[in-house]
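The working numbering runs 62 ahead of the 1-based position in the sequence shown.
Where hints are given, some of them may not hold.
BS3-like mimics (lysine-lysine), calculated; alpha carbons at most 30 Å apart, straight line [as the list claims (entries may be wrong)]:
1) Lys-686 with Lys-697
2) Lys-584 with Lys-572
3) Lys-587 with Lys-572
FRET-style restraints, in silico, Cβ to Cβ [as the list claims (entries may be wrong)]:
4) Arg-445 with Asp-326: 48 to 54 Å
5) Thr-480 with Glu-301: 31 to 37 Å
6) Lys-584 with Leu-300: 46 to 52 Å
7) Glu-506 with Glu-175: 51 to 57 Å
8) His-612 with Ser-545: 51 to 57 Å
9) Asp-96 with Gly-582: 20 to 26 Å
10) Lys-585 with Gly-308: 32 to 38 Å
11) Pro-304 with Arg-445: 51 to 57 Å
12) Lys-196 with Arg-358: 15 to 21 Å
13) Ala-416 with Ala-334: 46 to 52 Å
14) Asp-326 with Lys-196: 17 to 23 Å
15) Pro-674 with Gly-308: 53 to 59 Å
Keep in mind that the hints were calculated from the coordinates and are not lab data. Keep in mind the model is a prediction, meaning the values are calculated, not measured. Backbone N, C-alpha and C fix where the C-beta goes; we use that ideal spot for every residue, glycine too.
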Amino acid sequence: MADPTVSVIIAAYNAMPYVTRCITSVAEQSIGQDALQVIVVDDGSTDGTAKELDRLSEVHPGLLTVSHQENSGGPSDPRNKGLDQARGEFVFFLDADDYLGPQALERMVAMAEENGTDIVLGKMIGVGGRGAPKSMFQRDQPKTDVFASRVYWTLNPMKLFRRELLERLGLRFPTDLSIGEDQLFVGPAYFHASGISVLADYDCLYWVEREDSGNITLRNGGTEPRLTFLPRVIDMVLENVPPGPGRDHLAHRHLTVEVQQLLDYLPHESRATQEKALDRLAEIIAPLWHEGMNERLSAMSRLRLHLIRHRMLDEVLELIRFEEDPERLQAAPLLCDNGRAYARYPFLRDPAHAVPDSCYDVTDQLGVRHHITRAELRGTALRLAGHAHLHRVETHDVTTELVLRERDSGTEYRLPVTHTATPGLGADEDGGRFRYENAGFEAEVDITTAADGRPLVDGLWDISLAVGAQSVSREARVGSKRSDAVSPAARTRVVATPGGLRAVTLYTTKPYGNFTLYLGEKKHKVARRLAVDSLRWSASYPTQLVVTGHSGLDAYPDGDLTVVLTNDRDERAVVPAARTPHTDLFTARVDVAELSTGVWTGELRLGDWSVPLPALPERFATAKWRRRGMPRYAKPAPDAGKQRFALLVAKTELVKALVGKVK
Numbered sequence: 063m064a065d066p067t068v069s070v071i072i073a074a075y076n077a078m079p080y081v082t083r084c085i086t087s088v089a090e091q092s093i094g095q096d097a098l099q100v101i102v103v104d105d106g107s108t109d110g111t112a113k114e115l116d117r118l119s120e121v122h123p124g125l126l127t128v129s130h131q132e133n134s135g136g137p138s139d140p141r142n143k144g145l146d147q148a149r150g151e152f153v154f155f156l157d158a159d160d161y162l163g164p165q166a167l168e169r170m171v172a173m174a175e176e177n178g179t180d181i182v183l184g185k186m187i188g189v190g191g192r193g194a195p196k197s198m199f200q201r202d203q204p205k206t207d208v209f210a211s212r213v214y215w216t217l218n219p220m221k222l223f224r225r226e227l228l229e230r231l232g233l234r235f236p237t238d239l240s241i242g243e244d245q246l247f248v249g250p251a252y253f254h255a256s257g258i259s260v261l262a263d264y265d266c267l268y269w270v271e272r273e274d275s276g277n278i279t280l281r282n283g284g285t286e287p288r289l290t291f292l293p294r295v296i297d298m299v300l301e302n303v304p305p306g307p308g309r310d311h312l313a314h315r316h317l318t319v320e321v322q323q324l325l326d327y328l329p330h331e332s333r334a335t336q337e338k339a340l341d342r343l344a345e346i347i348a349p350l351w352h353e354g355m356n357e358r359l360s361a362m363s364r365l366r367l368h369l370i371r372h373r374m375l376d377e378v379l380e381l382i383r384f385e386e387d388p389e390r391l392q393a394a395p396l397l398c399d400n401g402r403a404y405a406r407y408p409f410l411r412d413p414a415h416a417v418p419d420s421c422y423d424v425t426d427q428l429g430v431r432h433h434i435t436r437a438e439l440r441g442t443a444l445r446l447a448g449h450a451h452l453h454r455v456e457t458h459d460v461t462t463e464l465v466l467r468e469r470d471s472g473t474e475y476r477l478p479v480t481h482t483a484t485p486g487l488g489a490d491e492d493g494g495r496f497r498y499e500n501a502g503f504e505a506e507v508d509i510t511t512a513a514d515g516r517p518l519v520d521g522l523w524d525i526s527l528a529v530g531a532q533s534v535s536r537e538a539r540v541g542s543k544r545s546d547a548v549s550p551a552a553r554t555r556v557v558a559t560p561g562g563l564r565a566v567t568l569y570t571t572k573p574y575g576n577f578t579l580y581l582g583e584k585k586h587k588v589a590r591r592l593a594v595d596s597l598r599w600s601a602s603y604p605t606q607l608v609v610t611g612h613s614g615l616d617a618y619p620d621g622d623l624t625v626v627l628t629n630d631r632d633e634r635a636v637v638p639a640a641r642t643p644h645t646d647l648f649t650a651r652v653d654v655a656e657l658s659t660g661v662w663t664g665e666l667r668l669g670d671w672s673v674p675l676p677a678l679p680e681r682f683a684t685a686k687w688r689r690r691g692m693p694r695y696a697k698p699a700p701d702a703g704k705q706r707f708a709l710l711v712a713k714t715e716l717v718k719a720l721v722g723k724v725k
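Construct the complete structure from the given sequences, taking the supplied hints into account.
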C-alpha cells in the first residue's frame with residue numbers, strides 16, 4: 063500500500079464531545095482519505111472519549127488508527143507515540159478539541175510542494191473566546207524563515223511538518239515537562255527547515271476554548287512549570303542562533319510572551335515563592351538581555367524587565383495590579399517633555415525608585431490618527447485638508463507640518479499648514495479622556511515654488527504629515543483614512559508653469575492607500591490619456607475636417623490641445639481643440655480649404671506630447687471646393703498606408719474636369 067501524503071496525529075484526553083467534530087473534520091478533508099493516515103492516541107481518558115474513538119474507527123475503517131494508554135500527564139507522550147507510527151510525507155499535529163477547515167491539508171501540502179518548504183503554518187481561528195495567533199497571518203508568505211517573519215510567535219505544533227525533517231533531526235516532544243514541550247519541538251524544526259510557508263488566505267485550524275477549560279495543552283498553572291521550561295528554551299536559542307539581530311528577534315518573543323505569562327501567576331504564590339521565582343527569572347533572562355533590546359520592546363515591557371532584573375518584587379507586583387486594571391492602563395496620560403513622550407506608568411520619575419526615563423518612553427510607539435477630507439490638484443497647487451493628531455497627546459502647542467519626500471533621492475521639503483479647530487474630536491474614543499480640538503489642517507503646495515522657492519523636480523513625492531503637539535512630533539504617511547468624497551483614483555493633469563507644460567498626478571499607493579504626488583510621466587503617461595476617436599467631414603461645412611476625441615486627463619490648459627497638420631514643405635496648420643463642457647470630449651475643426659497643395663500628415667499635440675492622427679479610410683469621401691475660381695479637392699493620399707494619416711490637397715486639372723463633365 064502506498065504511503066499517505068499526510069499523517070494526522072491526535073493526542074486525546076477527556077475530549078468529549080469535541081473529538082467527534084475533530085475526527086470528522088479530518089475525514090472530510092478535500093485532499094481525500096486515500097492521502098491520509100489518522101493516528102489517535104487516547105491518553106487515559108475517563109469521560110467516554112475512548113468509546114467514541116472506537117466508534118469512529120468503525121465509521122472510518124482503514125483511515126483511523128486508535129490506541130489507548132494510561133494517562134501520561136501531558137500531550138508529549140501520545141504525540142511521540144503517533145509520530146513513531148507515522149508513514150506520511152508530511153505530519154500534522156491536531157488537538158482533539160480543535161478541527162480543520164475542509165481544504166486545510168490540501169492547501170498546506172500544495173504550498174509546501176510549490177515552494178519546497180519543510181513547515182507550513184495554516185491560519186488559525188480562535189473559537190469560544192480562545193485567542194489565536196494573528197501577527198504572522200497578515201498575508202501569505204510562500205517561503206520565509208524565523209528571522210524575516212513573525213512565525214516564531216507561534217510555537218505550538220499545530221502545523222504541517224515534512225516528516226523527513228523531523229526524523230533527520232530526531233525530534234520528539236520532551237516528556238519531562240508539563241508545559242512548554244511544544245517550543246522545544248517546534249523551535250529546532252524552525253531553525254533547520256529549508257523554508258517556512260504561511261498560508262493566511264484560508265482558515266485552516268479552528269482553535270477551540272473548551273467550556274471546562276480542559277484543553278490538553280492548557281492544563282498546567284503556577285510559576286514553577288514555567289521556570290522549569292524557560293531556561294531550556296533560552297538555551298535552545300543560544301545554541302542555535304549567534305548573537306545579533308536574529309537572536310534579538312527571537313529573544314523579543316521570550317522576554318515578552320513567556321515572561322508575561324509567568325508573571326500572571328506570581329501574585330497567587332506565597333511571598334517566599336515570589337522572591338525565589340523573581341530571583342530565578344532574573345537569572346534565566348540575563349543571557350538574552352542587553353540594552354539594545356530596548357529598541358524592540360514596548361515601554362511596558364522595558365519597565366517590567368527593568369523591575370525583574372533589579373529584583374524589585376513589590377514594584378513588580380504593583381505593576382501587575384496596574385496592568386490588570388484596564389481603566390488605569392488606558393487612562394494613563396502622557397508626560398511630554400523636550401520632544402519625548404513618557405507613559406505615566408508606576409514609579410515614573412519617582413526618586414525613591416530611580417527607574418530611568420527610557421523605560422517609559424513611548425514616543426516611537428505613538429499612533430498617528432488622521433483623516434483626509436480634501437485632496438485635489440488645482441492649477442499648479444496641491445490642496446490637502448483634514449485632521450491629524452498623536453494618540454493620547456492633546457493638541458496644545460500644535461506644530462504639524464506637511465512633508466514632501468522624493469522616494470528615490472530622499473530629498474524632502476517641509477511646508478507649513480494652517481491649523482484649524484476640530485471641536486469634539488476624541489470624544490468617542492478612550493472614554494473621551496483625551497481631546498484633540500486643534501487637530502485640523504489645511505495645506506496648499508504650489509509645485510512651482512515648493513522646493514524652497516524653486517519648482518519641484520520630476521519624481522515620486524510621497525506625502526506625509528509631521529504631526530506635532532506639546533513638543534512631540536511623529537511623521538506618518540497620509541491618505542489611508544479619507545472621506546468617501548476623496549477619490550483614491552490616479553488623477554493626471556497637465557499644468558502650465560513658467561518652465562512649460564508639466565504632467566502632475568495625484569494618486570494613492572497600493573496596498574496602503576497613501577497619497578503620492580508624481581511629477582513627470584514614467585508611470586502615468588500623458589500621451590496614453592489622449593485619444594482620437596473619429597475623423598469625418600462636417601455635414602454643414604463640406605471642407606471642414608472634424609477631429610473628435612477624448613482625454614483621460616483631469617485637466618489641461620485651455621488652447622494648448624491642438625491638431626497640427628504638416629506638409630512636405632514643412633508648412634504647418636495648427637487648430638485648437640475645443641472641449642465639450644462637463645465631459646472628457648474634445649473637437650477640432652480643420653478647414654482644408656485653407657491648406658496649400660501637398661500631402662499633409664497630422665497629430666494631436668499637447669505641449670511636447672503628441673498622438674498621431676489615425677489613417678483615413680480608403681473610401682473616405684473627397685472634399686471639393688473652389689479657390690479663386692479654381693477647383694480643388696482633398697482626399698486620402700494614395701500609397702499612404704493604413705498606419706498614418708495622410709491627406710492629399712490638390713488642384714483639379716481643368717482638362718480632366720472638362721472631360722469628366724462631358725462624360
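ask   = Which hints from the list above does the structure break, by number from lowest to highest?
value = 5, 8, 9, 13
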